[in-house]
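*Asks:* Quick note, the sequences are listed as chains Y and W, same order. Using numbering that gives the first Met the number 0, you'd call the opening residue of the first sequence number 0 and step up by one each time. Using numbering that gives the first Met the number 0, you'd call the opening residue of the second sequence number 0 and step up by one each time.
Quick caveat, the hints were computed from the structure, so don't treat them as lab data. Among the hints, a few may not be true.
Repeated chains share a single entry, so a pair holds when one copy, or any two copies, can fit it.
Using 20 Å as the maximum straight-line C-alpha spacing, the simulated DMTMM-like pairs for lysine to aspartate or glutamate come out as follows [stated by the list, open to error]:
no., residue 1, residue 2
1, Lys459, Asp277
2, Lys317, Asp57
3, Lys103, Glu76
4, Lys301, Glu106
5, Lys174, Glu148
Predicted model only: the values in this text are computed from it and were never measured.
Number of protein chains: 2
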Amino acid sequence: MNNKDFVKEITNIDEDFARWYTDIVIKAELADYTAAKGFIAIRPYGYAIWENIQKYADNEFKKHGIKNISMPVLIPENLLQKEKDHVEGFAPEVAWVTVGGEEKLEERLCVRPTSETMFSTMYSKWLTSWRDLPYLYNQWCNVIRWEKETRPFLRSREFLWQEGHTIHETDEEAKKFTLDMLNVYADIIENLLAIPVLRGKKTEKEQFAGADSTYTVETLMHDGRALQAGTSHYFGQNFSKPFNIKFQNREGKEEYAYQTSWGISTRLIGAVIMAHGDNRGLKLPPKVAPIQVVIVPVAMHKEGVKEKAEELYNILSKKYKVELDKRDQYSPGYKFNDWEMRGVPIRLEIGPRDIENNKCVLVRRDTAEKIEINLNELEDNLETILEDIQKTMYNECKKNVEDRTTIATNMDEFITNINEHQGYIKAMWCGDKECEEKIHDITGAKSRCIPFEQEELSNKCVCCGKQADKMVIWGRQY
Amino acid sequence: MNNKDFVKEITNIDEDFARWYTDIVIKAELADYTAAKGFIAIRPYGYAIWENIQKYADNEFKKHGIKNISMPVLIPENLLQKEKDHVEGFAPEVAWVTVGGEEKLEERLCVRPTSETMFSTMYSKWLTSWRDLPYLYNQWCNVIRWEKETRPFLRSREFLWQEGHTIHETDEEAKKFTLDMLNVYADIIENLLAIPVLRGKKTEKEQFAGADSTYTVETLMHDGRALQAGTSHYFGQNFSKPFNIKFQNREGKEEYAYQTSWGISTRLIGAVIMAHGDNRGLKLPPKVAPIQVVIVPVAMHKEGVKEKAEELYNILSKKYKVELDKRDQYSPGYKFNDWEMRGVPIRLEIGPRDIENNKCVLVRRDTAEKIEINLNELEDNLETILEDIQKTMYNECKKNVEDRTTIATNMDEFITNINEHQGYIKAMWCGDKECEEKIHDITGAKSRCIPFEQEELSNKCVCCGKQADKMVIWGRQY
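So that you can see chain Y by itself, here it is in the shape it has in the complex:
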């Protein structure tokens, strides 16, 4: 990195959002391109965000009695083919291992794009009685999907995720669990990542290959495009029948199990970047930030400054995630820009005059507000300020959603709205797949979901004008 005002090198967020995004990913050192086309390396600062998401999510999963396991990364071709819709959905985008240990394999193995098939064969092997149920298993792993156009975090040939797979005694229990997991995702995204979510059911066209129904938490980015942030699927017996996942039920009869799966991925790092960032760079919610407070000493060469900064570091790092920037090859001004670009929620400046007055200056990344604070009050006040930043960031995101949510009762309104605001468009839908496809062809918007919170805007489909009783939220997507 050169000692110039590199922040200027970031593309303006309103001019070219896509380039702004890539600039942030690279310059904030979240990830980088690699020698394997379409594959990224997640760098320490990006990975630390993922670790914070993992820790929070894993803790929530464990509260729900979910246990972690590990399934093979390679899946024999015949397994993938057992569920018809599933193989149709995934076969076009898998990577195949055809040679192992210098020999051509008799049967190809795909690198898992998702593991329903592998979990299903093992469940079939393990399950005998209703007493064994439910199986509530999850794995944290990597998956591969051979995307043609890739983008760091959002659409990468490999991504890291968790995939939960459960089987249950009854359809009611499985359905409830599907929604419980959706609520866990909503909690993670809203409370940890400070991004409001829209909850609902996917239309049949948009649901997971092989699912009976797919539920989603949708988010809206700074530029008004939507991002599917997490999904939870109810399979019914779609997999348990071809994979023979049977158990003896309470009446002593054989029955097929009821199944779910659900996942969130490193895509959420992309969501954080695009939901919160601005022209200064990344902006991280305190709860998920790898560094919550960065201490930048001013006039570090003056007597006592470095020592005081170190003293503060030692005190504060017991309670907060703190970094002390002692680099002597950079000016304070450079460091201010650097840490702003990296999205650290609070900058703490301390110089000779501050020390004299037993105070320091805090600068909020979200509002740029400067706060002079007595050093004796620092430790406790930081918590309040971090909480306020978290809340403020959530509210700002929420305002963006509200500002960009419009209603359309006909296609003209739909087109005008989406071109003016991007965002979410609420519109009634007749339930016909043809209307859904037509809307996409004309506007580029897909159905985000049939939200749980329905409103009766009218009784006519926005597209064909026929009878409609479902409100769908639409939007262009990442």
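Based on these hints, arrange chain W on the given structure of chain Y.
*Replies:* Chain W only, in chain Y's frame:
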């Protein structure tokens, strides 16, 4: 599982150790075979052991300033070929992806067997100045090595591990770091897993493909065979030169970085099974056990028993990892056997008479000792007992190592010793690879390492009788 005395189904440990091992893996539900040949599924109980190892190790790594990252799982063929020794060592056992997204790839990609090459290309891209150094990065991930003969945990086509990769400004710093990491491994294996280790340097023949030197922590299993439990490699500039990992040094000149790598894997689960297990089944050290105390209510149908068991569960689970076995389809006797087989360090039995007397019975898995204890003293005493179990298990393992460690000054002694004791054989070695190979051909033993703690047994090579100044420890291995 049937309601019969399944413990009898476990092969006798002294009759057929290999089958005993497989029985434990399957019956204690640590792992299972899958539809992908040579690949295992790690089940919740096995994975929970791995999570405990990860948590402990990751915490130690972070104390050393190591940061986690994620590199691509697929490596282009040309990268693998850049370091001559490395590709020779790994090419025969890799799996190749040749098709992606329904198209034949122009260049094959191997599923990573290890990631020196990928880290090296990224380090080459990122590194500019000595000020950037050291890079201390690690990743927790899966790797594939196309083994012909596989065994759960010990030698599986896929395993989970961490691979640390660091680059440094000087060779001294890199060499020191290599040994620091070896010491972290020794600490994990001795203090968490209660298995004593032997530390030393690998002979040139046994070192990692591409390394300048490989250090190892070796362990000895119940049957006297050795298991390499973790290795740490110093590369010098072997990779930094072909991969062009250069930096401007303090004198303003270009210099190649000094590199290390180090790894431990799910193989450690195999080590825990084989170092501690007995004819009752698995025996887990309390610090790594997913369940430390299992509460088994006796005469559960009698009034107040279940309630008291639940009360104890609620109190104890605040401090310990506790399971309450309320299954009503099994007898207490069945449960005793079941939990012993699963290696839970302490069984807590509580029945109507115990409740009357305000006491319970603890049974130690390691010594089978029964301890009557007053319920008021339970919470505090458990800690002491768990600590004692951990120590006793370590000492028992250590005794096995001592009993099975012998000295050989000539090949006759070597052969007699290894056939009688298996174990470690201390013998002088001239340093000649031919002697090393001859010893292996005759006895089946490989050099474990040149231990840091050298003894001068004689000045003659055990094999050729020529001048020898190195003591090597030898042993048959897993």
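*Asks:* List, from low to high, the hint numbers that the structure doesn't satisfy.
*Replies:* Hint check: 1, 4 and 5 fail, others pass.
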